[in-house]
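Fit chain B to the supplied structure of chain A, relying on the hints for placement.
Chains as they are written, first to last, in our numbering: chain A, 1 to 807; chain B, 1001 to 1194.
Everything labelled a hint here was simulated from the structure, so no lab data went into it.
There could be a bad hint or two in this list.
With a straight-line cut-off of 27 Å between C-alpha atoms, the simulated DSSO-like cross-links for lysine-lysine are [stated by the list, open to error]: (1) A:Lys405 <-> A:Lys444; (2) A:Lys24 <-> A:Lys311; (3) A:Lys444 <-> A:Lys454; (4) A:Lys106 <-> B:Lys1108; (5) A:Lys510 <-> A:Lys8; (6) B:Lys1070 <-> A:Lys24; (7) B:Lys1070 <-> A:Lys106; (8) A:Lys443 <-> A:Lys391; (9) A:Lys558 <-> A:Lys604.
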Amino acid sequence: MAYMHIGKDFVPPDVPGKVTGRIKYAEDYTRDGMVYARLLTSPVPHGRVVAIDASEALAMEGVFGILTADDVYPDGEPDSPGLKVLTNEPTLMGEPILAVAAIDEKTAENAIAAISLTIERLPFVLDPLDSLQEGGANAYNGGNTFIFRQGFAEEKWTADQVASFRSGNEPTAEALQSWEYGDLQAGFAASDFVYETTFSTAGYPHMSMEPRSAMAYWENGKCFLHGTSQSLSAIAEPMAAIVGVPLEDFVFINEATGGGFGQRARAGSIPSMAIPAKLSLKINRPVMMRVTREEEFTIGGARQGLQGWIKVGFKSDGTMAAMDMYCISDNGGKGGGGDANSAAAGVSALYQTEAMRFRNTSIGTNTGHRGAQRGPGENQIMAVVAPIMDKAAEELGLDRLEIRKLNAAQNGDVSGPRSTPFTSAYMPEALEQGAAQFDWEGKKGRSRQTNGSKVRGLGIGQGYHNAGRSGMDGIVRLMPSGRLQVHNGIGNLGTYSYASTSRAAAEVLKMDWENCDVVGGRTDRHLPITSPQDGSNSIFTNTRTCFGAAQDLLTKMKEIAAMDLGGETADYEIDGSRIFQIADSTVGMTYGEVAQRGIELGGKYSGESDLPEELNTLTILSVSRLAGSALMGVYHDPRHNNNPPGFTVTFTEIELDKETGKFEILDLVTIAECGTVVHPQGLANQLRGGAVWGIGLSALERHLYDPQNGLPASTGYWQSKIPTYLDTPAEIGTGWVDLPDPENPVGARGIGEPAMGAVSAALNAAISDALGGHLFDTSPVTTDMIINHIAGVSEDSKPLAQNNFRG
Amino acid sequence: MNPKLTRRRFIKGVIASGAVATSTTIWYSANGQSRPAGAVERMIRININGQMRNVDVAPQETLASTLRYKLGLTGTKLGCNRGECGACTVLVDDVPSYACSVLTHSVKNMRIESVEGLESANGDLHPVQQAFVDELSPQCGYCTPGQVMSAVGLLRSNPNPTREEARQGMAGNICRCGSYDSYLNGVMRAAQIG
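Chain A on its own, in the form it takes in the complex (with noise of 0.2 Å):
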């Protein structure tokens, strides 16, 4: 289909000021009468707050006020795992117990350091199968494990349940969570092929680039927070609540956000942003509170490790029969998160397992925050399974490429445990295209190939991601100038897709781009809710709601040009300034008279009267705030069926140098399947910044704690081992499907995470295939790794350990 902006670039319209550092993050405000907070943190990794004795700090000159947990919560503390604003119970080393607001930042860093803090030191873990096994300590003052409405629990295995597992074998302990379909022993019996072994996959911090620093003031009674997120409308509701004011009064800035991946989604994993907003009403100044990357580090969030058992088998032909996954989620010692049913449920989408049982049981350690980062679970697990289709290939006489053919997700398949049909899925093509943008056939020879101490690998990986939400709401707004405003409240985290999706609307009016404005940054530009901007699902979820909200707004145009100018609504056809008889084109209306005809008229035009009953509370807010200003189309969008896509497939060439241990990628492409292309530049810019997470997840990143004292040890870019500049190829080669997706009005799914768990995979993979087939059951694979499998040296740390050098 041919479309005006869909599948076009663009300039998005915050990237000038992206390149000429004029647009503002949070901490880039200022405001007169300005006040500075720092943190007190937690100096244990686990422990409890006995007395705080800040008069002495509280009598020092510019010294403003403080606050505490008490002042947070003074009802005491939720009973749950999860990031508090303050606490007095912290189970992470670094996690904040009191704020002080002063002059400057010194000057409260001077008083913070004048406060005595009385703290009573906890026992605290930093491996979950330590604390499983009998008499290992708890994470949490409740337990080691937090059930779902149940609460606080203690989960332990014997110690020989543990050794066993360390030892490679099945876990044989009941799993808290479990899901099953399929014969599983059918399938296992109808095997040619049965691999078995553990895992682990690091779990490591998210990094943003952007501290979650955050400032605040009140006026008149309402809270103007500058803060940080992955939707403005999203979070603006809970961040009120955890705030204490009214949604109605509370106004959330936020122009732009410098990287979320999944630990800025939700107001629950940004508390702190809270921490100003209180701090200003309890000494009414403005506050800033800076974050540090030390302070980002502890709760900015960091992925679930995974410590598994997994068994997969597969008949003659390649099929995959049969798998059996059990995991210990690491939960860390706040939140937790699904990585390990995600990433069941993943492998069963991409392989199309025909039989699957999981089982799974998380744990707390107090090492980070834990929660979804960038294809949680998905990314993991499918760097764990790529090397094992490989074993499975070469056991069984198969070319890699073709074994993965047979297994690929297409048209009218289902997965998961309630065999959810796909909305579209092309991944036989998406494996074709690559292999032939990548010359798979031509290359494939060059497996294993020495050269001196330098040898080939080849690998191919896949990737995958349920891409998309519905249920969300659309406004948008046509002026008497004939601009149209297309209120967006996605955040702005680089995808750009807070623009992207808006171009559906200009779509749905054929307006010139120009001629049309993206509205959001701020709660009192009056937005819609939107679904946070993760799991890959604002392609999908918000061209809906910006397709809908105008389709609305052409209804009302026509049935205002039928009432004015004669004829029925289907006798009218737009251009994109003007709405005209299709019979005779001069009599019309410009998109500007028709516009204020809307005002006139008020009611349902101008969105007074008649809206959509479903509404969010913050849409119908922002909706009474707007009407009368605009003629207005409304929308709220309806669920839709079945499991939108995002798929990858990778294909990596990497030269091993087996005297280092080092791996150069010398090429490397990566193929999106996510329905219609939206935005070519953007998507490219997914695949390749998901690229570099991949390389990180594959060989690089990590989350390293002193096992003595539980320090962390990785607060910084350095030792968790970013990818940098040196550690990616010089060029990334990307492509897609392009095929579009009913479920879509304008055939798109999202693709941000699946594009880092195919790389992943791949690059696991060629690593497997340098080293003759070898499969390490840690990830990342790191240098000291391969030249220990090299010179056949065994690994020193205990088996599938986390949080420490080898995880």
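Below, chain B alone, put in the same frame as chain A:
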């Protein structure tokens, strides 16, 4: 009290020179008192983006702090404040430097360029900025000013780099979004049009 220096006259002078001064300096000056023994000269003149600016600088103050919090040049970002990420990169006598790791007093006789100084007087973007727009190099944008400044510094010393030279030249700047490839596309485009 020095009869020639009233508080009002001092503040007017500061404003006229484009400086932003802290209350401490004003207090010392306005009250005619000398600064504490051993203290260095706090009010210095530095060349920022081609303009001489008077600014009150504490002895331990970093250039990033001076730019952001004294001069309002918030394009220079603090990603780590520990010399790891490069988001605060500025040019000091044409050399890309981490402003978080440079003491302002140490560069008071040098030319400082931040991202705000690149546009021409008529508002045209610098070729590197334009190339970054054309290639959609930024993602979240937080590292972008640092990437821009490193690219400008690279191209001044090597106007026609190979892609590998550009990769090496930009290696001091981290992009967590992983937009390295897109930034390199921008650098190579800027070299062509620059």
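A:Lys24 and A:Lys311: Cα distance at most 27 Å?
It is violated: about 50 Å lies between the C-alpha atoms, which goes past 27 Å.
Is the hinted pair A:Lys405 and A:Lys444 satisfied, with a Cα-Cα distance of at most 27 Å?
holds, 16 Å
Measure nothing beyond the straight line between the CA atoms of B:Lys1070 and A:Lys106; if it is 27 Å or shorter, mark the hint as holding.
holds, 15 Å
Straight-line Cα separation of A:Lys106 and B:Lys1108 no greater than 27 Å?
This hinted pair holds, its Cα atoms lying about 23 Å apart.
For the pair supplied as a hint, A:Lys443 and A:Lys391, confirm whether the alpha-carbon distance does not exceed 27 Å.
Given pair A:Lys443, A:Lys391 holds - Cα atoms ~19 Å apart, limit 27 Å.
Agreement of A:Lys444 and A:Lys454 with the hint, judged by alpha carbon distance not exceeding 27 Å:
Holds, at about 17 Å.
Given pair status - A:Lys8, A:Lys510, alpha carbons within 27 Å
holds, 14 Å
What's the verdict on A:Lys558 and A:Lys604, does the C-alpha distance respect the 27 Å limit or exceed it?
holds, 14 Å
Agreement of B:Lys1070 and A:Lys24 with the hint, judged by alpha carbon distance not exceeding 27 Å
Within the cut-off at roughly 17 Å; holds.
Violated hints amount to a single one, hint 2; each of the other numbered hints is respected by the structure.
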